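**Student:** Okay, here's what each chain looks like letter by letter:
There are 2 protein chains.
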Amino acid sequence: MKIAIDAMGGDYAPAEIVKGAVLGAREHGVGIILSGPEDVIRAELARHDTSGLDLTIDHTDEYLEEGENAGWAIRTKRKASIFQAVKQVLAGNAAAAVGVGPTGGVITAALMVLGTLEGLSRPVIGGAFLGFTPETLTIDLGGSVDCRPDQLLDFGIIGSVYATTWMGMENPTVALLSNGKEEGKGNEAVKAAYPLFQQSGLNFVGLVEGYDVALGKANVIICDGFTGNVMAKFCEGLGEVTSNWLAERLKGSLPDAEVERVVTDLKRATIPADTVGGGPLWGVNGVVCKAHGRSKAPEVSSTIGTAKRAVEIDLVGTFRRELAAIKQHITLPETETQ
Amino acid sequence: MKIAIDAMGGDYAPAEIVKGAVLGAREHGVGIILSGPEDVIRAELARHDTSGLDLTIDHTDEYLEEGENAGWAIRTKRKASIFQAVKQVLAGNAAAAVGVGPTGGVITAALMVLGTLEGLSRPVIGGAFLGFTPETLTIDLGGSVDCRPDQLLDFGIIGSVYATTWMGMENPTVALLSNGKEEGKGNEAVKAAYPLFQQSGLNFVGLVEGYDVALGKANVIICDGFTGNVMAKFCEGLGEVTSNWLAERLKGSLPDAEVERVVTDLKRATIPADTVGGGPLWGVNGVVCKAHGRSKAPEVSSTIGTAKRAVEIDLVGTFRRELAAIKQHITLPETETQ
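As given, the protein sequences belong to chains A and B, one line each in that order.
When you read off a place in the first sequence, starting at 1, and then add 1133, the result is the number in the numbering used here.
When you read off a place in the second sequence, starting at 1, and then add 1133, the result is the number in the numbering used here.
Just so you know, the hints here were simulated from the structure itself, not pulled from any lab data.
Bear in mind the structure is a predicted one, so any value in this text is a computation, not a measurement.
Check each hint, because a few of them may be wrong.
When chains are identical, the list treats them as one kind, so a pair holds in a single copy or across two.
[Stated by the list, open to error] Below, in silico cross-link-like pairs of lysine-lysine (DSBU-like), each with a Cα-Cα straight-line distance of 35 Å or less:
hint : residue 1 : residue 2
1    : Lys1314   : Lys1429
2    : Lys1350   : Lys1324
3    : Lys1324   : Lys1210
4    : Lys1318   : Lys1210
5    : Lys1400   : Lys1350
6    : Lys1314   : Lys1210
7    : Lys1135   : Lys1152
8    : Lys1400   : Lys1429
9    : Lys1318   : Lys1212
10   : Lys1314   : Lys1400
11   : Lys1318   : Lys1460
12   : Lys1324   : Lys1212
Work the whole structure out from these sequences, hints included.
**Tutor:** Take a look at the structure:
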């Protein structure tokens, strides 16, 4: 199996990316195609023992820079290294692509080159954003802001497949996030999505409230990307405010080092950026994995391992089959079928 | 000034409500009209020193019970004590009404008897739901689930008036909650509301994210009731999860009593039900104040004081005038003016 990686993305590119690619090739027994300027990559490779490894370079002089607007860069940098890496998947030279950053660039390249699975209009962003509840996936966290009822159902299918095939859950519970638990509560999209979930064959447990997200009352919690984004960012803000308050409150009562440990643990549990690490993009028509922009070589290698696993279990194929199978017997509301 | 109070609402009715009414009449120098069964109220009054107080009884045998569906009770109990109390305001016999619970009953009675201010279709639910940021009001927290852009503007006006006249803030900042800070971010309602806020003359500072709510980056933060409800309830859930985690984490490192104090402080700061206490209902065409269902006599008296203050500063008149003045020079989007 070969995996393509953008050597120029991320805070520590190219040094740590190339180092991580070499490490990943050895640890996971895969071939690696490195996209970026050949001379730069060759100079980095020369620092490592590459004997016996299948490493090739896909040369391009262009790459996205951190802070650059991905939407603008698309128009001017069609040969950017992240595009090159994803194109290797399209061409069948690589089974998966890995990008380390910037996030917008990885998502845009995946979307433009590979497209989304049938029925999805955008990649789906979700995950266990709260460290306290690692078995609760919230979807969507900002990919799709205004959602139709059938899009909410798509999120439910994707989350359920991911929970089962990737996380190993048996019959994960799926719930719609709403402003009350009683059937009939919700905004228009939630009310219209409710019967679709009932027909879906998913393990649908009805409506949950914001309270239940924090307590992990379901394995897959579905909301539009506006609500999910607000909630996940509120979580991060509240985690920070609480951590700062706690540091002040405990000062003098406990040794400084212990206060530091408690506060660090709390931050880790509540800051989504730290808990939603690298993983496959959901809804893209091919395996593209995003590593955190701050990744160093071990995390890069680990994301290569993630990409390999996604290929091996045919995650994308399972998404595709389940989306088609479930939606085949669903009656969409009038406005959606027109 | 006379204030009408439902003697039969709340967890400790009628004993603590009648006791609180007597206390409130003396502390705040107002007359009180008590709604409920005359014999029950008379028996409770007999336990207290009522000399020199202006206390009258508005007899009715009907009242709402805790847990009863307010929507159903409306149809069968049109003479319920909470309705009677609000009707005293409509009739001009009382300047304000006070209800202790259930919340749905107080809101429904206020809405059915007095109606909402022009342009508003439902009472507005908002407040400083996070104890860490007492100078940040979030509106709406669940009153209106699907919101038109002009409704979001109404919330901004009401929040701004409340921050100014009630909380004494000078030129409070007003922001729209969104999934990113950059202009152009947002769901359809937020995008359409943005230019209305720009034209409004409010101290509009643009978009804020969920993160900024927790950090109190604006004084008045506007969102639809679905998003606000999810966020406030998530806050409560996260506060509870964090408190439980902290109690476990600190056990043995600090004396039990000190752990208890830290955890209690944290819960108080994050549980909305505890921070959003009694206050005037926003958007109702008259002064109706809701006290927490668990209120005892001192809280009942304090809510009577709140009602008196709302009358004295003409809070409802100011809401009405500002809504009319600001909306007079706003160009509503096509879909709203049809």
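**Student:** Work down the list of hints and note, for each, if the structure agrees.
**Tutor:** Evaluated hints:
{"no.": "1", "hint": "Lys1314 to Lys1429", "verdict": "between (43 Å within a copy, 29 Å between copies)"}
{"no.": "2", "hint": "Lys1350 to Lys1324", "verdict": "both (20 Å within a copy, 33 Å between copies)"}
{"no.": "3", "hint": "Lys1324 to Lys1210", "verdict": "between (43 Å within a copy, 30 Å between copies)"}
{"no.": "4", "hint": "Lys1318 to Lys1210", "verdict": "between (47 Å within a copy, 24 Å between copies)"}
{"no.": "5", "hint": "Lys1400 to Lys1350", "verdict": "both (22 Å within a copy, 20 Å between copies)"}
{"no.": "6", "hint": "Lys1314 to Lys1210", "verdict": "between (48 Å within a copy, 26 Å between copies)"}
{"no.": "7", "hint": "Lys1135 to Lys1152", "verdict": "within (17 Å within a copy, 79 Å between copies)"}
{"no.": "8", "hint": "Lys1400 to Lys1429", "verdict": "within (21 Å within a copy, 38 Å between copies)"}
{"no.": "9", "hint": "Lys1318 to Lys1212", "verdict": "between (49 Å within a copy, 28 Å between copies)"}
{"no.": "10", "hint": "Lys1314 to Lys1400", "verdict": "both (29 Å within a copy, 23 Å between copies)"}
{"no.": "11", "hint": "Lys1318 to Lys1460", "verdict": "both (24 Å within a copy, 31 Å between copies)"}
{"no.": "12", "hint": "Lys1324 to Lys1212", "verdict": "between (44 Å within a copy, 34 Å between copies)"}
Checked against the numbered hints given earlier, the structure satisfies every one of them.
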